[in-house]
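*Asks:* With chain A's structure known, arrange chain B on it following the hints.
In order, the protein sequence lines correspond to chains A and B.
Its first residue numbered 0, the first sequence is counted upward by one per residue in numbering that gives the first Met the number 0.
Its first residue numbered 0, the second sequence is counted upward by one per residue in numbering that gives the first Met the number 0.
Honestly, I wouldn't trust all of these hints.
Stated by the list, open to error - Subject to a maximum C-alpha distance of 25 Å in a straight line, what follows is the list of computed DSS-like cross-link-like pairs (lysine-lysine):
{"#": "1", "chain 1": "A", "residue 1": "K37", "chain 2": "B", "residue 2": "K332"}
{"#": "2", "chain 1": "B", "residue 1": "K323", "chain 2": "B", "residue 2": "K338"}
{"#": "3", "chain 1": "A", "residue 1": "K37", "chain 2": "B", "residue 2": "K323"}
{"#": "4", "chain 1": "B", "residue 1": "K105", "chain 2": "B", "residue 2": "K122"}
{"#": "5", "chain 1": "B", "residue 1": "K130", "chain 2": "B", "residue 2": "K159"}
{"#": "6", "chain 1": "B", "residue 1": "K122", "chain 2": "B", "residue 2": "K159"}
Said to hold, decoys possible - So the derived label-pair ranges between C-beta atoms look like this:
{"#": "7", "chain 1": "B", "residue 1": "E107", "chain 2": "A", "residue 2": "R149", "range": "21 to 31 Å"}
{"#": "8", "chain 1": "B", "residue 1": "V301", "chain 2": "A", "residue 2": "P19", "range": "20 to 30 Å"}
{"#": "9", "chain 1": "A", "residue 1": "A224", "chain 2": "B", "residue 2": "N127", "range": "50 to 60 Å"}
{"#": "10", "chain 1": "B", "residue 1": "P81", "chain 2": "A", "residue 2": "V147", "range": "20 to 30 Å"}
{"#": "11", "chain 1": "B", "residue 1": "E292", "chain 2": "A", "residue 2": "R149", "range": "28 to 38 Å"}
Source of the hints: derived by calculation from the structure; they are not laboratory data.
It should be emphasised that the depicted structure is a prediction, and the values quoted were computed from it without experimental measurement.
Beta carbons are placed, not taken as given, at the ideal position from N, Cα and C, and that holds for glycine.
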Amino acid sequence: MTNDLNFEAWSCPLPLRDHPNILLGHGGGGQLSADLVKHLFLPAFGDDALDRLGDSSVVELAGGRIAVSTDSFVVRPLFFPGGDIGELAVNGTVNDLAMSGARPLYLTAGFILEEGLPLTQLGRIAESMAAAARAAGVRLVAGDTKVVDRGHGDGVFINTAGLGLLPPGVDIGPQRARPGDAVLLSGTLGDHGMAVMSVREGLQFESPIVSDTAPLNGLVAALLAAAPDVHVLRDPTRGGLASTLNEIAQAARVGVALDERAIPVNPAVQSACELLGMDPLYVANEGKLVAFVPAAQADAALAALRAHPLGARAALIGRVVAEHPGLVTARTGIGGTRVVDMQIGEQLPRIC
Amino acid sequence: MKYLDEFRDPAAAQALFQEIARTARRPWVMMEVCGGQTHSIIRNGIDQLLPPTVELIHGPGCPVCVTPLEMIDKALAIAARPGVIFCSFGDMLRVPGSAGDLFGVKSEGGDVRIVYSPLDAVKIARDNPHKEVVFFGIGFETTAPANAMAVVQARQLGLKNFSMLVSHVLVPPAIEAIMSSRHNRVQAFLAAGHVCSVMGYWQYGPLAEKYHVPIVVTGFEPLDVLEGIRRAVKQLEEGRAEVENAYPRAVRYEGNQPAQKMLAEVFTVTDRTWRGIGVIPASGWALSEAYAEFDAARRFTVEAIRTQESPLCHSGEVLQGLLKPNQCPAFGKECTPQKPLGATMVSSEGACAAYYRYGRFAMPESLQPLAPA
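Only chain A is shown next, with the shape it has when bound in the complex (with noise of 0.2 Å):
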């Protein structure tokens, strides 16, 4: 089919006519990535529920809204602090859903095993699934299994689907931001992606970094117990927050002006970003979500978010505004004014 797409048909002039081939930028979440749906996925699938572009779709069934989602996952190494693969995909997949208002009932789960592969290895993944989805209250109810030569793959990888109910009255989407609206963290920014960077040959930090990844089901249900009329959901994985944000000013047409004073993040977590002179709005996160909620309910959303566990440190981080639509800015520590733009392919640790 690669022959058949005509290059110099795109609606967008950049930058996929430049790399004939993917590269590792476009699954890295940023523009890239951004890109290849755009131009590339939906035009070749063309179907309405797609073009809303959210984590997780709503198709109607049966007279009721369902939320479906999918999601693979390729992490390496397969265990890092705080978590592993098969948790991760478990909370990964729930919180696609939970980001449409929906309640996450069914998962499935496709395993792409590498010859080769510990028995135990994938025993230690299963458990950890089967826990992690105790913990979420979703039922794992379909799975597969392929295996592949050794060499053409990576131990395991994981391909999962969700489904979830959107209870009646629930509308969330990125296209709903609407200025005035508060902009608000469920908590530090950074974790999973520090995580498992630290753990990645070559790179060793004396205090250890523990990913966030955390099933958000029952964080949104306080949330929208507290404040029904949310606009928006998101969980800033890869491409993090910044990228998150842009996506958002981007769908809705309004500005988003962040208070980076406001924005927390672990101190072992900024440590690590100055080391490698990254920025922590760039980094994945797998247990952290962004609220947009209108100014009014904006105490309340707030006062529940900390009140459950995995909110203790939420915040509000910023507003969305009428003025540079499709961009964020955020007002800098000393005073200044910055863009904070989308990432455009993969974080890269700068030279000195």
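*Replies:* Relative to chain A, chain B alone:
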């Protein structure tokens, strides 16, 4: 965070801004040499908060940006060879050569790896005796000691499969080149603190004297940068042209002597082309004769390279401080971080990328790229 938070204190920053505004009675133009400082200035919005009397020009101190095109093309050719593991710092991978970048080579099957230290590349060479491991040794004096140490270690380990493609550049000759340009507008320099932590600042006295230009060794946190600016303004107002150290917690006059000794053994001074600027005499380091066996440029013969820069790219003028990034006609249009025409749009320390990333908001509507509808 200790050692950082105290240098980001908003109240102290305000006090420095006010003092700078009080001190600067006439308009002054100063250049921060280092890309790390440019990054900090734009990242924190320092340039927006300075009085209109102080103009900052962003210097050529981004190692990624000034690495010559020919060297990038050489790297691309070597990295594409079978049997080669090509190791590089991360932000070199996106820098455009005449055709493509290292990410592209990687996607086409080249074994290109991001390392965090050149010593990691030595380890890779030790672990892969049947592969040729090449490290892209670029940077200013700051990264040079680690690169030199990698070559020294490779020799100690008896590694025959490790080599380095060296394109080091040096700060003092660049300052000299800027000051002797007839287009020069720079009246004072903020010298790069990290470079000086290695080299000291004994080299700068003759420059300050010859060109009657204040040179202030400056750090990278907001208060460090502001203190550097404050001292430079004070010197200018008082008609002085001295070398001052505003970063004493990291920099001593003599610098790191053991590092300098090793650098003198491993490297030799050479003329160097700076991307966008041209050849600056005696402005770079290459491997010395004693370590020539580790020189990737000698080990791999690369066929005659015909380099071609984009005709739209004005990065040379940006690097010389003649043009602000947003004054380039291609800025934010043909040239963005996703599709950089020049290296200054690639590295997070590059002036164009820093402007695009952190400064787009403040720019005229006509220069802002359209968000997807």
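*Asks:* Do E107 (chain B) and R149 (chain A) keep their Cβ atoms within the hinted range of 21 to 31 Å?
*Replies:* Taking Cβ atoms as reference, E107 (chain B) and R149 (chain A) lie about 23 Å apart, which means the hint holds.
*Asks:* Okay, A224 (chain A) versus N127 (chain B) on CB: inside 50 to 60 Å?
*Replies:* This hint holds: roughly 57 Å between Cβ atoms.
*Asks:* With the threshold set at 25 Å, check whether the alpha-carbon distance from K323 (chain B) to K338 (chain B) stays at or below it.
*Replies:* holds, 19 Å
*Asks:* Given the hint of 20 to 30 Å, is the C-beta distance from V301 (chain B) to P19 (chain A) inside that range or not?
*Replies:* holds, 23 Å
*Asks:* Could you grab the alpha-carbon distance between K122 (chain B) and K159 (chain B) and see if it respects the 25 Å cut-off?
*Replies:* Within the cut-off at roughly 13 Å; holds.
*Asks:* Cβ-Cβ distance between P81 (chain B) and V147 (chain A): within 20 to 30 Å?
*Replies:* Since the Cβ atoms of P81 (chain B) and V147 (chain A) sit about 24 Å apart, the hinted range of 20 to 30 Å holds.
*Asks:* When you check the alpha-carbon spacing of K105 (chain B) and K122 (chain B), does it fall within 25 Å?
*Replies:* holds, 20 Å
*Asks:* Does the Cβ pair E292 (chain B), R149 (chain A) satisfy 28 to 38 Å?
*Replies:* Check passed, 37 Å falls within 28 to 38 Å.
*Asks:* Would the hint linking K130 (chain B) and K159 (chain B) be met if the CA-CA limit is 25 Å?
*Replies:* holds, 10 Å
*Asks:* Quick one, are K37 (chain A) and K323 (chain B) close enough, alpha carbons at most 25 Å?
*Replies:* violated, 33 Å
*Asks:* Sort out whether K332 (chain B) lies within 25 Å of K37 (chain A), counting only the CA atoms.
*Replies:* Given pair K37 (chain A), K332 (chain B) holds - Cα atoms ~20 Å apart, limit 25 Å.
The structure fails to meet hint 3 from the earlier list, while all remaining hints are met.
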